[in-house]
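> Read off the chains here:
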Amino acid sequence: MLTLISKRMMLVIPNLIGVVIITFLLTRALPGDPAAYFAGPAADKQAIEQIRVKLGLDKPLIIQFGGYVADLGHLDLGTSLTTGQPVLTELKNRLPASAELTLFGLILSVAIAVPLGILAAVKQDSWIDHSCRVVATAGVSLPVFFTGLLLVYVFYFLLGWSPAPLGRLDVFFSPPPQITGFYLIDSLLNRDLATFRAALSQLLMPGLTLCIFSLAPIARITRASMLAVLASDFVRTARASGLDSRTVILTYAFRNAMLPVVTTLGMVFSFLLGANVLVEKVFAWPGIGSYAVEALISSDFAPVQGFVLTMAILYVVLNLLIDVLYGVIDPRVRLEA
Amino acid sequence: MQRRDFLKSVSALAASTAVSSPAVFSSAKAQSRQETLLIVSESGPNNLDIHGVGTNVPGYEVSWNCYDRLISHEMKTGPNGQPYYDKNKFKPELAEDMNIGDMSVTFKLKKKATFQDGTPVTAKDVKWSLDRAVSVGGFPTFQMGAGSLTKPEQFVVVDDNTFRVDFARKDRLTVPDLAVIVPCIVNSELVKKHATEKDPWGMEFTKQNTAGSGAYKVASWTAGTEVVLERNDAWVGGPLPKTKKIIWRMVPSAGNRRALLERGDADISYDLPNKDFVELKQDGKLAIVSTPYSNGIQYIGMNVKNSPFDNLKVRQAVACAIPYQKIMDAVLFGLAKPMFGAAAEAPTQVAWPQPHRYNTDIAKAKALMAEAGYPNGFDTTLSFDLGFAGVNEPLCVLTQESLAQIGIRTTINKVPGANWRTELNKKTLPLYTNVFSGWLDYPEYFYIWCYHGKNSIFNTMSYQSKTMDGFIDGAVAAAASGDMATYDTDVRGFVDTAYADMPRVPLYQPYVNVAMQKNVSGYAYWFHRRLDYRTLMKG
Amino acid sequence: MTDISLSPHGTAVKAPSNSIVRHARYVIAENPVTGLAFGLFILIALCALIGPSIVPHDPLASDTSAALAAPSLKHWFGTDQLGRDIFSRVIAATRLDFTIAITSVILVFAMGGFAGIAAGFFGGWTDRIVGRISDTIMAFPLFVLAMGIVAALGNTVTNIVLATAIINFPLYVRVARAEANVRRDAGFVQAARLSGNGDFRILLMHILPNIMPIMMVQISLTMGYAILNAAGLSFIGLGVRPPTPEWGIMVAEGAGNIISGEWWIALFPGAALMIAVFCFNLLGDGLRDLVDPQRRT
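First to last, the sequence lines map onto chains A, B and C. Count along the first sequence from 1, then add 46; that gives the number in this note's numbering. Count along the second sequence from 1, then add 489; that gives the number in this note's numbering. Quick note: the third sequence, position 147, residue 131 per this note's numbering, numbers continuous.
None of these hints come from the bench; they were simulated from the model. Heads up, a few of these hints could be off.
Simulated crosslink set (EDC-like; lysine to aspartate or glutamate; CA at most 20 angstroms straight-line) [stated by the list, open to error]: (1) Lys580(B) with Glu563(B); (2) Lys916(B) with Glu95(A); (3) Lys613(B) with Glu642(B); (4) Lys138(A) with Glu715(B); (5) Lys915(B) with Glu95(A); (6) Lys915(B) with Asp79(A); (7) Lys826(B) with Glu768(B); (8) Lys687(B) with Asp104(A); (9) Lys916(B) with Asp79(A); (10) Lys53(A) with Asp119(C); (11) Lys687(B) with Glu95(A); (12) Lys687(B) with Asp117(A); (13) Lys640(B) with Asp591(B); (14) Lys613(B) with Asp586(B); (15) Lys616(B) with Glu642(B); (16) Lys100(A) with Glu693(B); (17) Lys733(B) with Asp1021(B); (18) Lys1027(B) with Glu524(B); (19) Lys734(B) with Asp1021(B); (20) Lys734(B) with Asp216(A); (21) Lys169(A) with Asp273(C); (22) Lys600(B) with Asp586(B); (23) Lys734(B) with Glu719(B); (24) Lys100(A) with Asp688(B); (25) Lys853(B) with Asp990(B); (26) Lys597(B) with Glu563(B); (27) Lys915(B) with Asp104(A); (28) Lys100(A) with Glu686(B).
Output of the computed footprint for chain B on chain A, the stretches with three or more beta carbons under 8 angstroms from beta carbons of chain B [what the hints assert, rightly or not]: (29) 122 to 130; (30) 203 to 210; (31) 334 to 342.
Computed, partial: chain C to chain B, Cβ under 8 angstroms [unchecked claim]: (32) Ser46; (33) Thr48; (34) Ala51; (35) Gln65; (36) Leu66; (37) Gly67; (38) Asn139; (39) Gly221; (40) Arg225.
Backbone N, C-alpha and C define an ideal beta-carbon position, used for all residues, glycine too.
Please work from the sequences and hints to get the whole structure.
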């Protein structure tokens, strides 16, 4: 297992170097002159030049890059100009918010999509199969920002069932003492049910938005993989030996169909982290996605670079975890490694 | 008197308990809600210190409420019947007395005044703070310069409680400039403790912490998410504010901000689209206050240095072709003061902003285009700041459609907010829309920045005219010497010149719109257009 | 029908066309949803082709006296803030959105498809370089990468197309590489090689036509994603220039009006967007059934 992990790590390093270079170049190519932006509305050319020197933007690109890499070595991601805070601190504060939202959306999605996929596979080509396909595809066809706005309109504004879309917790609650950074878990650890309920109700709408968007890939892969397994010999044998179909489907077939589903989950998770950017904007969610969008729009290099790097590392770790999980589920993979 | 107050408070208490009677179990929470204001806005501060590098406009609001100045403005009743700052009347804030001499002004400081950490406010702190404002560069230094406050030598400590500002020259903007946000008084001893060789003014510390004597202090700040401010009970700058706690939340979506207000979750919001304000006003569930920007105008600018807008007839044709009324109706929903269509025979006022005499007249515009030698029109781009797309985009689409009728074919160029200032600074945009508004509400102040030949960044048209410069310089000199007859002639002169040459076409004076719950009172309009928490209260 | 995808002969593509038609009819009959998607596709293509010339109103003409009108007989989908007819704008927008989607998939097919085939066919360092590039792209959050590209290069239609193509690159590489890899030692390739064809010629004339069907499926699926991506960019203000009608921008414009009750401004373009993406997705599934009956089970 350790060799597998270290082997994977070796493969990943060139990718990360590529990410660092591309991000650096891309952010420098952004239009807009941060020096002019931060020199204020009334600055003359001289004042702008002063700010440029202060920010180190007058130096050649290669030297700026060298400085950036050296800072990275010290885990210094720079300081955001728009919010004025060190990027690392902000990412650390905001990552739990994004992660909690994305995981919640994913869990919700799995809870709906997997049974849907199994049902579709079992009743292949029936109207259930077709409608599952239509519903899942319809979900992925909706732009996430549109789904989010629609949900806010219906459930907050019209029906009043959901709380105000104002971030992670109602204004008059204070966040639970930080243990994991996930409000749901922290409040439970703290036995604070009221806060738990408040955090959950804030999480529901954005989570649902993400869930709708990710139904299709999960439902699809579950269906396909179930179909393959249901057609295999051991299931036929199980059926032939008179086991009732419930046991056959849930115990025999589903367990074996899980492998591709787990792989897809990793992909969907990273996909959702991307979609998060728009959802966080709609729900005023204090995550890293909304942070990156704001920074990108105001040509604020450091947070964009920090965000992309964090995502890349997250992605790598996630894939590693999935490989490990794969080994746990299917011992054959372990042997091959 | 006391008895009446007592009775009033008792009945208020009765009323409030009657309303919130279901919440018996959380009466403590209801109580705190009563003394807490929840403000929602699109964006928040990036720096708590207005002297900081690149502090944004929301940051000004923090500075205004957490720091004191020597003087501030009295209130009067504004054009809409609401409290409005009186630009001509000053009241002491940290000073208890102001004495204006011929070439200097002397302040006596309030003896009881202390900073929020308990140290007394002295003249040394005042000098350090003003020295800082004129030395750090960027916007604060620039704003101080607007009132001829440029050198630390101008700020003199007479004794612990007496402070003098020497005038560099006679300038009627000097005293008003001491009442804007920038000359705030900072706790110099506290900040010096955090200063370093690289950062002699302790800007890193004040970026994250407030170190003033103001009515509020920042209790917590999560950049981009929330600012929590708490009342400073030892404040001496004015009557103790009624609101104990301010929670200021950033909600990027305008639709969500509106929903929060309508459902009563938020108390105040002031950057909603005009349409929302109009509808909220009609609904009548919320209190809506609209006030015109003081000394501010949204305009269509033309680069007069380059063809084809170097041609006066072309500029006049544009002024005739802009769909003014359509913009007022469809873009602003009537929430703005028109700056067009003055009667032809109406005399020019000694005031600014004032409307010009053009109306939408496509036939006349076509004729002007032909006279200018462009019977078939030309192609150009029409640029706007994406940061204010809500107004700018429909405004430009309507203008584009109208200009197409006289043969001016435009491509709309959306410039991201970060890039807008860079583009303006280059002075190469041929045609664009923009807003300018000055803190100091004097006509010549506006004209110095926007029309004077010394070509500041706000003279976005690169307009040069000896006649214009003569009138502006004349008005500045006349104001300083108190020669009001010459001043009036010069002001009329520069307004007439601006409207004859038409390098920029004023469209309207925008409104500051504030929506609040009916139980919130005490909103006042200030030149900086941000909220003053000190007068706001609930119930 | 396995002969289409895995034929032992180089002539696989020239499989009798009437059998494809027959199979298509069979697939559609078996799966009404694909039939529906196919019908929708024809409708969308028709709108893109002749839509702008048959709409009842000029999609760009403002009429402030009729601003924010609810759907009626005169304006079927209502009007927007400037009084422009939403029905006309939604129909007229089809052409632009369709063009963005098609050009971006053609571009990514040209880049990713060929790179993938080359990687799968030659293996070795070609494979490694292509793999490295696509892994690096995959390590980015894709939407953020697209935002970065458009923000850095400027918000024009060309750059939106380019950004969309780049973020889909790894997907195409993966599919093309896998398919080419399977075929590199297939009988028909060896036959071609023996009869004196060069590597490049084999790649172009023999491998490419053979993996075309699979690539078509991929193209159909990414078309939908391309439209969504462009709409997302528009929503945060990085889309095409106003007043050009485009579904994403129209949804963004109407987003603020949902709360105040003018639901039609965002709803209709949003619905059009959804229907188009939906159609491409279903069509992709249908095509897969058509070209790859094995996967269908």
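> Given the hint that Lys100(A) pairs with Glu693(B), test it: the Cα-Cα distance must not exceed 20 angstroms.
14 angstroms, holds
> Starting from Lys915(B), check that the Cα of Asp104(A) is at most 20 angstroms away, please.
18 angstroms, holds
> Are Lys613(B) and Glu642(B) close enough, with their CA atoms no more than 20 angstroms apart?
13 angstroms, holds
> Does Glu524(B) lie within 20 angstroms of Lys1027(B) when you go C-alpha to C-alpha?
7 angstroms, holds
> Need the status of pair Lys640(B), Asp591(B): alpha-carbon distance at most 20 angstroms?
Since the Cα atoms of Lys640(B) and Asp591(B) sit roughly 19 angstroms apart, the hinted pair holds (cutoff 20 angstroms).
> Has the given pair, Lys733(B) with Asp1021(B), been kept, meaning a C-alpha gap of at most 20 angstroms?
14 angstroms, holds
> Under the criterion that the straight-line Cα-Cα distance not exceed 20 angstroms, is the pair Lys597(B), Glu563(B) satisfied?
Holds, at about 18 angstroms.
> Given the hint that Lys169(A) pairs with Asp273(C), does the C-alpha gap stay at or below 20 angstroms?
OK: Lys169(A) and Asp273(C) at ~18 angstroms, within 20 angstroms.
> Given as covered by chain B, does the segment 122 to 130 of chain A meet the bar of three residues or more with CB within less than 8 angstroms?
holds (count 5)
> Given the hinted pair Lys734(B) and Glu719(B), is their alpha-carbon gap at most 20 angstroms?
Distance of about 5 angstroms is within 20 angstroms: holds.
> A closest beta-carbon separation below 8 angstroms is what the hint needs, so does Thr48(C) meet it against chain B?
4 angstroms, holds
> Mind checking the alpha carbons of Lys687(B) and Asp117(A) for me, to see if they're no more than 20 angstroms apart?
19 angstroms, holds
Every hint from the earlier list agrees with this structure, and none is contradicted.
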